[in-house]
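A.B. asks: Could you build all of it, start to finish, from the sequences and the hints given here?
Protein chains in written order, with this note's numbering: chain H, 2 to 293; chain R, 2 to 293.
Think of the hints as simulated: they come from the structure by calculation, not from any bench. Some hints here could point you the wrong way.
Since copy identity is lost for identical chains, a pair holds within one copy or between any two.
[Unchecked claim] Pairs of lysine-lysine residues, derived as DSSO-like cross-links and limited to a Cα-Cα distance of at most 30 Å, are as follows: (1) Lys75 with Lys105; (2) Lys154 with Lys269; (3) Lys139 with Lys105; (4) Lys75 with Lys269; (5) Lys105 with Lys154; (6) Lys139 with Lys104; (7) Lys154 with Lys139; (8) Lys139 with Lys75.
A quick note: this is a predicted structure, and the numbers were derived from the prediction, not measured.
Number of protein chains: 2
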Amino acid sequence: MLKPLLALSALAAAVPAVAQTAPPAAPSPADAAAADWQPIPDSELLVMTLRGGHQVYIRLAPRYTPAHVTNIRKLAEAHWWDGTAIYRVQDNYVTQWGDPTEKKPLPPTVIENPPAEYEWARYDGVTSFARPDPYAAKTGHSADGWPVATDGKASWLAHCYGMVGVARDMAPSTGSGAALYAVIGHAPRHLDRNIAVIGRVVEGMQWLSALPRGGGSLGIYENDADHVPILSVRLASQLPEDERPRFQYRATDNVRFAAWLSERENRKPPFFTVPAGGADICNAQAPVRRAP
Amino acid sequence: MLKPLLALSALAAAVPAVAQTAPPAAPSPADAAAADWQPIPDSELLVMTLRGGHQVYIRLAPRYTPAHVTNIRKLAEAHWWDGTAIYRVQDNYVTQWGDPTEKKPLPPTVIENPPAEYEWARYDGVTSFARPDPYAAKTGHSADGWPVATDGKASWLAHCYGMVGVARDMAPSTGSGAALYAVIGHAPRHLDRNIAVIGRVVEGMQWLSALPRGGGSLGIYENDADHVPILSVRLASQLPEDERPRFQYRATDNVRFAAWLSERENRKPPFFTVPAGGADICNAQAPVRRAP
Chain H
2 MLKPLLALSA
12 LAAAVPAVAQ
22 TAPPAAPSPA
32 DAAAADWQPI
42 PDSELLVMTL
52 RGGHQVYIRL
62 APRYTPAHVT
72 NIRKLAEAHW
82 WDGTAIYRVQ
92 DNYVTQWGDP
102 TEKKPLPPTV
112 IENPPAEYEW
122 ARYDGVTSFA
132 RPDPYAAKTG
142 HSADGWPVAT
152 DGKASWLAHC
162 YGMVGVARDM
172 APSTGSGAAL
182 YAVIGHAPRH
192 LDRNIAVIGR
202 VVEGMQWLSA
212 LPRGGGSLGI
222 YENDADHVPI
232 LSVRLASQLP
242 EDERPRFQYR
252 ATDNVRFAAW
262 LSERENRKPP
272 FFTVPAGGAD
282 ICNAQAPVRR
292 AP
Chain R
2 MLKPLLALSA
12 LAAAVPAVAQ
22 TAPPAAPSPA
32 DAAAADWQPI
42 PDSELLVMTL
52 RGGHQVYIRL
62 APRYTPAHVT
72 NIRKLAEAHW
82 WDGTAIYRVQ
92 DNYVTQWGDP
102 TEKKPLPPTV
112 IENPPAEYEW
122 ARYDGVTSFA
132 RPDPYAAKTG
142 HSADGWPVAT
152 DGKASWLAHC
162 YGMVGVARDM
172 APSTGSGAAL
182 YAVIGHAPRH
192 LDRNIAVIGR
202 VVEGMQWLSA
212 LPRGGGSLGI
222 YENDADHVPI
232 LSVRLASQLP
242 EDERPRFQYR
252 ATDNVRFAAW
262 LSERENRKPP
272 FFTVPAGGAD
282 ICNAQAPVRR
292 AP
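C.D. replies: This is the structure in structure tokens:
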């Protein structure tokens with residue numbers, strides 16, 4: 002069995018894992034120091050439980066989309082998503098969820114159309130990466146691990162795989178946050194700057210990405226019977242303390258993360274013979290792990 | 002129901018479909034002329050039938066990886082994949098298939114390690130696009146619709162979503178073609194120039210992308226019972242003529258395709274307010290459709 006296992010393992014030699022599961026074999030300058038792992042606060046972690054008990058964990062980005070995240074917290078506190086569903090799965094695009102009937106009233110404190118928050122009018126700088134791509138003059142990471150793109154004056158979160166955004170109607174709708182989607186294919190970066198990005202799936206992605214695709218051209222499930230029921234959505238901070246899942250993000254503004262990026266940009270022999278010399282921001286998403 | 006439908010349709014406003022299914026509402030400079038649609042020869046179309054009768058259609062790229070495609074044709078002619086399986090599904094990476102035991106002897110005419118064919122040492126030119134990205138000095142399309150990247154001296158096929166490559170062992174293995182994989186997540190462009198790319202899934206992608214993810218870190222199915230059986234793999238040319246599926250690719254070396262690309266680079270109101278001004282090659286894959 003050696004050959005296929007080698008082929009398989011070689012093929013996966015540099016695959017990113019959202020949650021780091023195994024310590025590296027030998028010390029490397031790319032290894033995180035203990036202090037590089039920072040806690041994701043309980044109020045920034047959404048736990049979505051689907052039929053069958055499958056759980057999807059979403060890190061929220063209140064620093065970048067505060068009004069939308071405030072809405073999302075209120076919706077979670079009101080248990081608003083309980084009994085709603087995943088109703089759309091479009092191949093190489095998004096899985097989307099919420100209330101497909103749109104009859105369910107929003108909680109009174111939820112703002113129907115918050116400020117857009119599609120980008121922020123400043124350049125915070127990005128760590129290490131600073132690479133242009135077809136969509137941005139510069140891409141990189143925020144210090145707290147988000148994929149950021151910028152034109153030097155404005156900055157925005159990039160629609161990488163697993164990032165979560167706010168479904169909306171035509172302007173002036175900005176989306177309340179009651180309908181959300183996660184990217185399940187090649188990063189649709191044309192959505193950047195046009196839609197509010199509120200977080201990232203950090204665990205449980207397969208429960209969104211491995212769903213049957215909807216039959217219509219938009220991937221909408223044509224039969225209500227195909228909807229995947231959402232049992233509950235809670236902030237970790239709403240759960241009993243001993244039940245809270247705890248995650249950490251890897252800080253990026255340090256030489257160890259720079260070395261990690263460099264390794265992704267120049268994959269090594271024996272499997273790789275031609276290093277790329279660069280990497281797309283969405284192929285270099287900063288790691289997140291369960292707190293040990 | 003108007004609002005969610007609008008939100009849903011707006012979100013999908015510019016979604017690429019591998020196979021065009023609906024004619025555009027009004028004439029556009031981006032519309033293909035009838036002659037822009039070129040037939041994919043029967044000898045360049047692989048039909049993989051999975052348990053349940055689900056079919057995956059793969060366009061082959063013999064012009065770019067001739068030796069590997071020759072092997073693949075021989076494997077198909079020998080019905081070699083019949084009874085093999087999909088044995089690995091790794092989230093945001095690949096679905097891989099073949100013989101997981103690697104005990105099944107290859108047909109005698111199949112070359113175990115063909116020439117690498119990871120790139121070709123010339124610059125053919127690309128149509129219209131000619132945009133750099135983190136992985137290549139220039140990306141674009143071949144005239145016959147493949148996503149191509151180049152450094153001006155060598156060229157190679159890009160590992161976009163749905164592209165199919167040859168699993169291999171460490172060098173000097175180049176992979177016979179008996180074990181293949183399709184990209185089911187963000188394009189792993191670091192694999193470019195390091196592995197032979199032999200084609201693209203043009204229909205039936207969901208039967209590869211919506212599979213349960215394997216439990217191990219590499220996505221390998223840990224139990225043989227989870228393998229997805231492959232009933233058969235045939236070239237369209239091996240099928241009775243009246244049973245052959247027929248597909249067309251859209252030619253790219255014309256002003257209409259240039260307009261199509263331009264539309265993808267600058268998505269329009271009312272949904273989009275900030276045009277990207279560019280597009281990643283993997284967000285601009287040339288259309289393929291069933292022959293009408």
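A.B. asks: Hint by hint, say whether it matches the structure.
C.D. replies: Here is what the structure says about each hint:
For a Cα distance limit of 30 Å, the shortest separation of Lys75 from Lys105 inside one copy, 15 Å, qualifies, whereas the shortest one across copies, 58 Å, does not. When the C-alpha separation of Lys154 and Lys269 is checked against a cutoff of 30 Å, the pair qualifies only between copies, where the shortest distance is 22 Å, while the shortest distance within a copy is 36 Å. Neither within a single protomer nor between protomers do Lys139 and Lys105 lie at most 30 Å apart by alpha-carbon distance, with minima of 41 Å and 49 Å respectively. Taking the shortest alpha-carbon separations for Lys75 and Lys269, neither the intra-copy value of 47 Å nor the inter-copy value of 33 Å comes in at or below 30 Å.
Proximity of Lys105 and Lys154 under a CA criterion of 30 Å is satisfied in neither setting, with 39 Å inside one chain copy and 59 Å between copies. For the homomeric pair Lys139 and Lys104, neither the shortest alpha-carbon distance inside one copy (42 Å) nor that between copies (49 Å) is at most 30 Å. In this assembly of identical chains, Lys154 and Lys139 lie within 30 Å of each other by CA distance both inside one copy and across copies; the values are 11 Å within and 26 Å between. Taking identical chains as interchangeable, the C-alpha atoms of Lys139 and Lys75 are never at most 30 Å apart, the minima being 34 Å within one chain and 47 Å between chains.
Going through the hint list in order, the structure does not satisfy hints 3, 4, 5, 6 and 8.
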